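Novice: Based on the sequences and whatever the hints tell you, model everything.
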Amino acid sequence: MAIKKTTITKKEGPAKIYISASFNNTLVSVCDETGATLAWCSSGASGFKGTRKSTPFAATTAVETVIKKAKEKGVEEIEIYVKGPGPGRDAALRAVKASGIKISLIADVTPIPHNGPRPKKKRRV
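Position 35 of the sequence shown, counting from 1, maps to 35 under the numbering used here, and the rest follow consecutively.
Hint data in this document are derived by calculation from the structure and do not stem from the laboratory.
Keep in mind that this is a model prediction, so the values were computed, not measured.
Backbone N, C-alpha and C define an ideal beta-carbon position, used for all residues, glycine too.
Some clues are possibly wrong.
Across the chosen pairs, the derived CB separations fall in these ranges [claimed, not checked]:
(1) Lys5 - Asp90: 36 to 44 Å
(2) Glu77 - Phe23: 25 to 33 Å
(3) Glu33 - Asp90: 20 to 28 Å
(4) Phe23 - Glu76: 27 to 35 Å
(5) Val109 - Lys73: 33 to 41 Å
(6) Gly116 - Gly35: 42 to 50 Å
Derived lysine-lysine pairs resembling DSS-like cross-links, with alpha carbons at most 25 Å apart [as the list claims (entries may be wrong)]:
(7) Lys4 - Lys97
(8) Lys122 - Lys68
(9) Lys4 - Lys69
(10) Lys49 - Lys83
(11) Lys102 - Lys16
(12) Lys5 - Lys49
(13) Lys97 - Lys73
(14) Lys4 - Lys71
(15) Lys49 - Lys4
(16) Lys5 - Lys73
(17) Lys97 - Lys5
(18) Lys68 - Lys83
Specialist: So this is what it looks like as structure tokens:
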């Protein structure tokens, strides 16, 4: 069998990191300027199970994994898009900042309804 060669290409524009922080999990993905996914990880994929997936530490671990993969692909500058109200949201941002990669934009893209359909009934515990 022939050995497949892998090449590392430098990305021209800034890559985009999408952080989706729900109450149960935190998903992180890195895309290039065309929208193709370069790397992704989640708290669950990082080895956390159950309620530990929703912790800030699990989000930090997921971000560190994604940043490491992105640096291997040649990413030097990023734009961050954060979605959701979860507990891993701020921890994920801090982990990206601590990684040493240049940040050009931080945007909150949490969907907010403009009085859409009627919400579900309140939860009684």
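Novice: Against each hint, give a clear statement of whether it holds in the structure.
Specialist: Each hint tested on the structure:
no.: 1; hint: Lys5 - Asp90: 36 to 44 Å; in the structure: 41 Å, holds
no.: 2; hint: Glu77 - Phe23: 25 to 33 Å; in the structure: 31 Å, holds
no.: 3; hint: Glu33 - Asp90: 20 to 28 Å; in the structure: 27 Å, holds
no.: 4; hint: Phe23 - Glu76: 27 to 35 Å; in the structure: 33 Å, holds
no.: 5; hint: Val109 - Lys73: 33 to 41 Å; in the structure: 23 Å, violated
no.: 6; hint: Gly116 - Gly35: 42 to 50 Å; in the structure: 26 Å, violated
no.: 7; hint: Lys4 - Lys97; in the structure: 35 Å, violated
no.: 8; hint: Lys122 - Lys68; in the structure: 41 Å, violated
no.: 9; hint: Lys4 - Lys69; in the structure: 19 Å, holds
no.: 10; hint: Lys49 - Lys83; in the structure: 22 Å, holds
no.: 11; hint: Lys102 - Lys16; in the structure: 12 Å, holds
no.: 12; hint: Lys5 - Lys49; in the structure: 36 Å, violated
no.: 13; hint: Lys97 - Lys73; in the structure: 19 Å, holds
no.: 14; hint: Lys4 - Lys71; in the structure: 21 Å, holds
no.: 15; hint: Lys49 - Lys4; in the structure: 35 Å, violated
no.: 16; hint: Lys5 - Lys73; in the structure: 14 Å, holds
no.: 17; hint: Lys97 - Lys5; in the structure: 33 Å, violated
no.: 18; hint: Lys68 - Lys83; in the structure: 22 Å, holds
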